[in-house]
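Asker: Letter by letter, the chains look like this.
Protein chains: 2
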Amino acid sequence: MTGSEPTIADAAINREAPVAIHAQISERIRNRIARGEWPAHYRLKSEPEIAADLGVSRGTVRRALATLIEEGLLRQVRGRGTFVTSMTFEPSIAQRLSTLSEDFSAQGILFDTSVLFHGLVAPPQPVAALLDLPVSGTVFQLDRLRSTGGSAVTLLGNFVRSDLVPGIDDFDFAGASLFGTLEGHYGLKIGTARRTFSAEAATEAVAEALAVPVGAPVQYLQQVTYLTDGRPIEYSDVWIQSERLKVTSLLSRR
Amino acid sequence: MTGSEPTIADAAINREAPVAIHAQISERIRNRIARGEWPAHYRLKSEPEIAADLGVSRGTVRRALATLIEEGLLRQVRGRGTFVTSMTFEPSIAQRLSTLSEDFSAQGILFDTSVLFHGLVAPPQPVAALLDLPVSGTVFQLDRLRSTGGSAVTLLGNFVRSDLVPGIDDFDFAGASLFGTLEGHYGLKIGTARRTFSAEAATEAVAEALAVPVGAPVQYLQQVTYLTDGRPIEYSDVWIQSERLKVTSLLSRR
Chain A
1 MTGSEPTIAD AAINREAPVA IHAQISERIR NRIARGEWPA HYRLKSEPEI AADLGVSRGT
61 VRRALATLIE EGLLRQVRGR GTFVTSMTFE PSIAQRLSTL SEDFSAQGIL FDTSVLFHGL
121 VAPPQPVAAL LDLPVSGTVF QLDRLRSTGG SAVTLLGNFV RSDLVPGIDD FDFAGASLFG
181 TLEGHYGLKI GTARRTFSAE AATEAVAEAL AVPVGAPVQY LQQVTYLTDG RPIEYSDVWI
241 QSERLKVTSL LSRR
Chain B
1 MTGSEPTIAD AAINREAPVA IHAQISERIR NRIARGEWPA HYRLKSEPEI AADLGVSRGT
61 VRRALATLIE EGLLRQVRGR GTFVTSMTFE PSIAQRLSTL SEDFSAQGIL FDTSVLFHGL
121 VAPPQPVAAL LDLPVSGTVF QLDRLRSTGG SAVTLLGNFV RSDLVPGIDD FDFAGASLFG
181 TLEGHYGLKI GTARRTFSAE AATEAVAEAL AVPVGAPVQY LQQVTYLTDG RPIEYSDVWI
241 QSERLKVTSL LSRR
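From first to last, the protein sequence lines are chains A and B. Under this note's numbering, residues 1 to 254 are what the first sequence spells out, in order. Under this note's numbering, residues 1 to 254 are what the second sequence spells out, in order.
Don't take each hint at face value.
No copy is singled out in the list; a pair is fine if it fits within one copy or between any two copies.
Derived lysine to any residue pairs resembling SDA-like cross-links, with alpha carbons at most 20 angstroms apart [what the hints assert, rightly or not]:
id	residue 1	residue 2
1	Lys45	Arg78
2	Lys246	Pro124
3	Lys45	Arg194
4	Lys246	Ala201
5	Lys246	Glu200
6	Lys246	Thr196
7	Lys189	Arg80
8	Lys189	Ala11
9	Lys246	Ala211
10	Lys45	Arg63
11	Lys45	Val135
12	Lys246	Gln222
13	Lys246	Arg194
14	Lys45	His118
15	Lys45	Pro134
16	Lys246	Ser236
17	Lys189	Glu102
18	Lys189	Arg35
19	Lys45	Gln125
20	Lys45	Gln76
It should be emphasised that the hints constitute simulated quantities derived from the structure, not laboratory data.
All chains should be built: construct the whole structure from the sequences, respecting the hints.
Answerer: Next comes the structure, spelled out in structure tokens:
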């Protein structure tokens, strides 16, 4: 082991110290993470390897890791190992047709939703075309802002074909989820979606909502959602505050 | 049919005109697309529906569509229908562990690769950690610029564990693909990757490479690739010119 290696065995464990050995180990790991030597998604060696490197028992290593998992600094993924946690939220919306609210809930992240606008409107021309609607028809427009820990992370603008969801404007989408309502209340079978990701400069409206400077880079996502019978049901524009929320894909080669 | 509906049957086909009927139909569709009334990804009605709307034969419709497919304005997807083509390239790298060069090739897009830097270097600290390497080790660094039609679309910075790829610096990556070389020449079994997407402001180096203003929003993608045995093999930073290339996912709900 050389001093330049990012290992936790670069100094011997102090068996005479008043601090328990497992606490010495967790403190070392905590420091590696704090110094950025072990970045987000860094995978730690296995418990037996760490135990052998340090000359301690596996149980001691397990206890040290458990402390850090409880603190939210490490995360264990079955069959893959122990990883340094990312400090930003990482929904997997690039990969599965889940919604941000579902991803937040699955990760145990608390979020607030505020409804900025809701109502039946004439669809903008490109939205009408993508939803197979006449522009003389109406769509249900829903503009929402999602925040976590008091900070805005996403601005969502949805357009839903109103002919398929009579009375939808009576729901309170500060509490209810849009996809949940479409599926649960209206019995619509959501099948597929097409999501396109790009980086955009924040317009005045987006900048104000996400509390970033006008022109700041924001992650933009455009989506068209189709029912299982192929009819388009929903179009959305989503702007994401990239510093607080990064979209992630775990991909397989074969 | 009202004049405000985005249909192609808003004026009667002129059967006396010197222009063939199929050419009149393709010209109408061309105009819809040019005016933005039928945006990228808009799905056209089926051939029988269009034929009925216009009072022409299916064969005439098919001929009109064939012209536009040849011009690259429409695209037919088996089992899904006929769509307006996107004028930007849309790789599905958010969804599959394909590489940009594979996606370009699959879509028949010609691209040029220029190698900006290659060589064995000491890994930056976070890269070393993510690749399970000592910083005293070396990685193969490869910086490339991909262009299509003479315009830069992506700047790629790869770091490969050099211990697993002896002699890799002798390859000419202006022609060879990196993943192809890892798999084909070195017999490495690439298993999974983790890709994270965010919007970033172009740094001076990125701006110069992609020919955008400093601070302009660029799509940033960070990737760590693992072999099937779980060892990390490659880390990369990718910056994408969002106006010319949009990352796409086709997702299923169940």
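Asker: Against each hint, give a clear statement of whether it holds in the structure.
Answerer: Quick rundown of the hints versus the structure:
Taking the shortest Cα distances, Lys45 and Arg78 sit within 20 angstroms of each other inside one copy (14 angstroms), while across copies they are farther apart (47 angstroms). In this assembly of identical chains, the alpha carbons of Lys246 and Pro124 never lie at most 20 angstroms apart, being 29 angstroms within a copy and 22 angstroms across copies at closest. Taking identical chains as interchangeable, the C-alpha atoms of Lys45 and Arg194 lie at most 20 angstroms apart only when they sit on different chains, with a minimum of 18 angstroms there against 38 angstroms within one chain. In this assembly of identical chains, Lys246 and Ala201 lie within 20 angstroms of each other by CA distance both inside one copy and across copies; the values are 16 angstroms within and 15 angstroms between.
For the identical chains of this complex, Lys246 and Glu200 are neighbours both inside a copy (15 angstroms) and across copies (11 angstroms), given an alpha-carbon limit of 20 angstroms. Taking identical chains as interchangeable, the C-alpha atoms of Lys246 and Thr196 lie at most 20 angstroms apart whether they share a chain (15 angstroms) or sit on different chains (6 angstroms). For the homomeric pair Lys189 and Arg80, the shortest alpha-carbon distance between copies (17 angstroms) is at most 20 angstroms, but the shortest distance inside one copy (34 angstroms) is not. With identical chains, the CA atoms of Lys189 and Ala11 are never at most 20 angstroms apart, being 59 angstroms at best within one copy and 36 angstroms at best between copies.
Taking the shortest alpha-carbon separations for Lys246 and Ala211, only the intra-copy value of 17 angstroms comes in at or below 20 angstroms, while the best inter-copy value is 25 angstroms. For a Cα distance limit of 20 angstroms, the shortest separation of Lys45 from Arg63 inside one copy, 15 angstroms, qualifies, whereas the shortest one across copies, 62 angstroms, does not. Taking the shortest Cα distances, Lys45 and Val135 sit within 20 angstroms of each other only across copies (16 angstroms), while inside one copy they are farther apart (58 angstroms). For a Cα distance limit of 20 angstroms, the shortest separation of Lys246 from Gln222 qualifies both inside one copy, at 16 angstroms, and across copies, at 10 angstroms.
In this assembly of identical chains, the alpha carbons of Lys246 and Arg194 lie at most 20 angstroms apart whether taken from the same copy (19 angstroms) or from different copies (12 angstroms). In this assembly of identical chains, Lys45 and His118 lie within 20 angstroms of each other by CA distance neither inside one copy nor across copies; the values are 51 angstroms within and 30 angstroms between. Only between protomers do Lys45 and Pro134 lie at most 20 angstroms apart by alpha-carbon distance; the minimum there is 13 angstroms, versus 59 angstroms within a single protomer. In this assembly of identical chains, the alpha carbons of Lys246 and Ser236 lie at most 20 angstroms apart whether taken from the same copy (18 angstroms) or from different copies (16 angstroms).
For the identical chains of this complex, Lys189 and Glu102 are intra-copy neighbours only, at 17 angstroms inside a copy versus 33 angstroms across copies, given an alpha-carbon limit of 20 angstroms. In this assembly of identical chains, Lys189 and Arg35 lie within 20 angstroms of each other by CA distance neither inside one copy nor across copies; the values are 48 angstroms within and 33 angstroms between. For a Cα distance limit of 20 angstroms, the shortest separation of Lys45 from Gln125 across copies, 17 angstroms, qualifies, whereas the shortest one inside one copy, 55 angstroms, does not. In this assembly of identical chains, the alpha carbons of Lys45 and Gln76 lie at most 20 angstroms apart only when taken from the same copy (12 angstroms versus 49 angstroms across copies).
This entry does not satisfy hints 2, 8, 14, 18, going by the numbered hints stated previously.
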